[in-house]
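Same order as they appear, the protein sequences are chains A and B.
Per this note's numbering, the first sequence runs over residues 3 to 200.
Per this note's numbering, the second sequence runs over residues -15 to 59.
These are calculated hints, taken from the structure and not from any lab test.
Accuracy of the hints is not assured; some may be wrong.
To be verified - For lysine-lysine, the following DSS-like pairs were computed, each having C-alpha atoms within a straight-line distance of at most 30 Å:
(1) B/K(-4) / A/K15
(2) A/K199 / A/K177
(3) B/K26 / A/K17
(4) A/K178 / A/K119
As the structure is a computational prediction, the values presented were derived from the model and not from experiment.
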Amino acid sequence: MRTRNTEKEQLVKQKAMEHLVQYGIDGFSMNKLAKACNVSVATLYIYYRDKDDLILSIALEEAQHMCTTMLEGFDPASDFATGLRQQWKNRSGFITQYPLSAHFLEQLKSTEYFQEKIFRHIADQLRPVMSQFLSNAIENGEIDELPLEVYWCVAFGPLYTLLRFHHEGQSVGGKKFAMTEEMLWQTFDLVLRALKKQ
Amino acid sequence: MSINPEHIFIFKTNVQTELDRILLHRTLHEVEGIESWTVDMKDIDRVLRVISYSLCTDNIIHLVNSAGFQCAELL
């Protein structure tokens, strides 16, 4: 079958993400993917030039989706607490709603080729908005000027740790764990307290 | 603009190494009628993908064979 079929394309994207997360980039094979999708290897190569092209196309689409989700309802001109809360809402929403996309993108961070192509694309979209938000907060005297990395670690580190615990179903020392909304916002309040000037 | 699938030819080959790919390049790069071609060196099966508006499957197989490689169309 050599015609484009949207349903099949979606299946290929879904299975490709699953395989990449499961087997890693080196263990990912077009043959295995074709079998999982019940299409011929040739069909995959009609859609995509090669393995890198396939992974990159899917990753760029997912990265775009992630950026759109992250910026949804986010106003960089809003006050610090409101903006950061929206970021927590958007980031946790993306990861809990689309865990496969999140892990797929995370996995690609370890490969220089994809790291460069995909994460530059993400940074290009997020950086200007996030920088503006941060500059406003500093100018308005809401937070202290901090090295970006320090700000980021405090602002989002706890969020991603909680989400990782939640995804893995266990926390410190293998203790069973499932994150609740209450825990998420309890952590957020502590982060806000740490960053906001008293 | 996406290419009409009729003009995309996919083959299984025994191209294995970068040197093999260079040898194949010597044969294919000057062939009139080949718009572009790639061997997926990152995938274990090293699939050859050729785009041509004028050649047929047999023409391409013959060219690859003449470069010293096996070549069979993947359907």
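So, going through the hints one by one against the coordinates:
{"no.": "1", "hint": "B/K(-4) / A/K15", "result": "holds (23 Å)"}
{"no.": "2", "hint": "A/K199 / A/K177", "result": "violated (35 Å)"}
{"no.": "3", "hint": "B/K26 / A/K17", "result": "holds (18 Å)"}
{"no.": "4", "hint": "A/K178 / A/K119", "result": "violated (37 Å)"}
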